[in-house]
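Undergrad: The listed protein sequences correspond, in order, to chains A and B. Under the working numbering, the residue at position 306 of the first sequence is numbered 306, and the numbers go up by one with no gaps. Just add 1000 to wherever you are in the second sequence, counting from 1, and you've got the working numbering.
Calculated from the structure, these hints are not laboratory results. Some hints could be false.
As the list claims (entries may be wrong) - Quick list of in silico lysine-lysine cross-link-like pairs, BS3-like style, CA-CA up to 25 Å:
1) K1068/B to K1035/B
2) K1068/B to K336/A
3) K1058/B to K74/A
4) K218/A to K253/A
Stated by the list, open to error - Chain A stretches covered by chain B per the calculated footprint, using a threshold of three residues with CB under 8 Å from any CB of chain B:
5) 117-129
6) 191-203
Just so it is clear, the structure is predicted and the values come from calculations on it, not from any experiment. No residue lacks a Cβ here, since even glycine has one placed at the ideal position from N, Cα and C.
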Amino acid sequence: MQRKLSKILFLFALAAGIAFADPIPTEALTQGGLTMRDRQLRDIGLVMRGGRGGFFDIGYTYTPSSEQLQLKSKYGVHNGYAFRHHYGIFGSWVLDSNSHFGFLTWFDRAGWDSQDFFFFPHYGKFAHISSAFTWGFSYTNTKYDVTAALGLQHQNLELAGKRVYPNESDSLLFYWAHARFKNVSFQGSFYRGTFQTLRLSLDLESRELYGGAKHGFKTYLPNLNATIYRRKKDNDDDNFIRLNWEQNLYEQKLYADVTFDFPDEGFRSAVVKFYPDPSRMIGIEASCYRRHEFAGAQDLLWGGAIDLMFFRLGYNSSFDYENMFHAKGTLIAEIKFHIGAADGKFFGRGAAKPAPMETTKSQFDLKKFMKSRAEQNSEAPAIDAQGHKVIEAKGIRYEKVGAPESTSAEGGN
Amino acid sequence: MKFLRLFLCLVALCLTACMSHLFVDTTTRLQVENKTDVVILGLDIVSDDGSSVQPWIKETIEPGEKSKVVEEDWVGTFRVRVRFDKWNGVHSFNGSACATETRVVVALAKQSEADVKHEVDDGCKQEGRVEMTFAEVELDFEGGSQYLVVSQDEDGKAVFKFR
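Pulled out of the complex, with its shape left as it was, chain A reads as follows:
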C-alpha cells in the first residue's frame, strides 16, 4: 500500500514538474557559451587542488517530454528539448618522486533543438547548439606543493536558427592559465590580450585528501574565491566581481555555499549541501537563487537536487538554472558519473576526504581456480532428451592385455 502510494506521489510530482515548467528564453541560450567556459574552468580549479592522479566526469541530461523544456521565442512557445552533454578528463604521469605531468580536456555541448538525438542531431529551424572545449597541460611538484597549468579554450557555435537568434561569433579561441601555491590559487582566461575572467581562490579548509587535518578547527576554515568577470554594457566596461564562500558546517559532510555579485547586484545564490560521506560521491542539496526578474521574495527560486553517483535529479536547483538555460519548474534528470583518484584513493568533485574502501586481495590463484573448475565439471550427469543419463568419457584408460586365456574375463576397452 505504502509502495503504491509513493509511486502515485512520484508520478504526481513528475506530472507537476512537466505541467508547470516554464519555457526557456532565447537569450539564455545565446549566453550559454560563457556559462560553459566558466564552469569548466571552475571544475579544473577544483581538480588542480591536488594536481596529480586523475579525474573523470561524464554525463548528459535526460528530459523525456518535448513540452518539458520548451523554447520561448518572439513568435511563441516551441516544443522541443534542452540538453547538455559533458565530459572532463584529467590524467597525470609521475615524472620523478615529486613531479607530476598532466593532460586535461573538458567538453560541454549544450543547447535546444526540436529533437534531442545525440548520434544524429536533428538541427531544427529554431535550434541553438554550442559547445565549449578546454584543454591544457599541468605540472605539479609535491615537494613545494605547487601546480601550474595552462591551455586553450574553444567556443564553437554548432547551429543557431536564423529566425530567432542574433548573430554570434563562431570559433572563439580563448586561453587560460592556472597557478597554485599550497592553498592559494590564481586563474585567468583571456581573449586576444584582454582578460575574460580573473579568479583568486583561497582554499583555507584543511583536507585529509591532500595531507591536511582529519578533523578539528582547521577543517572549518572557509574556502573563498573572488572572480572578476569582464562585461560590456553599451560599449563601456561594466566588469563585476563574484564572491563565492564555501563553508564546512559539520564534519565536512554539511556545507553552505553562498555567492554574491559586487558592486551592484548583491546576493546571487545560497546552497546547503549534505554529503552522507565526505568523499562527496553522493549528495543532497537545497538551493536558493536570485533571478533579478521580479521584486522582493518572488525573485527567489527555491529548489534542490539529489545526486546518486550515476544519477542526478534536480528541481529548480541553482546549478540547473545556470547551466540549463534558466530551466525551472520541472524535474531535470541527469545520467552521470564522476570520480577523482589520487595516491590510490578515490573521491568526488571537490571532496575533502577519500572514499572509504575495503582492501581485498585480488591476486589470481591458479590452483584454486583449477580446483573450482574441476568441481564444477564433476556435477551430476546430464540427461538427454529421452531421459537417459549421458556419461561423457573423461579420458582413455589403457589396460595391459595379458595372457590369451584371460581375454574373455578381463577384456580391456
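Could you slot chain B onto chain A? The hints should help.
TA: Same frame as chain A, but now just chain B:
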C-alpha cells in the same frame, strides 16, 4: 553480463532519444480550408510585438477552397495571423491620410475565435500604404498533419478549428 548489455542498450537508446519519443513530430504540415465567404490572402506567424512576420501559407484561398499542404517547423503555441480581402462587407480601401487606423470589426474574442481587425498603416516611412484586414489568434500546433478550418459564425466572428 546480461544486465550490463541491457544497461548499455538503455544508455544508447537514451542518447538517440528513441526510448522517450519515437513519434514526436518536429514539423506541422498545415492545410487551410476557407469556409468563409471572403478570400483568405494568406496565413502568417507573427511575433508578440508584431514586428516580425514569418509567412506560412502564401497562396490565396477562395471561399470554399482549400490550400496546398505546407510543411513548416512550427510545433508549439504561436500567434497566427490570417489575412482576408474584406470582412463583413468592409473592403480594404485606399486613402491618402497619414494616420494609422485600427478598426476592430468584431469586439469579442474567445478561444480560437478572433477579432477581425482592419488596419491601415499609411507607411509614412515607406512607399505606398499597407492595408490589412486580418484576424489574429493564438493556436496550438501539435505537429504532424493538421487541417485548419476557418469559418464565420452568426455574430460575424472568425472561427478557427482544427479538424
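Undergrad: For a quick check of understanding: which of the numbered hints are violated here, in increasing order?
TA: 2, 6
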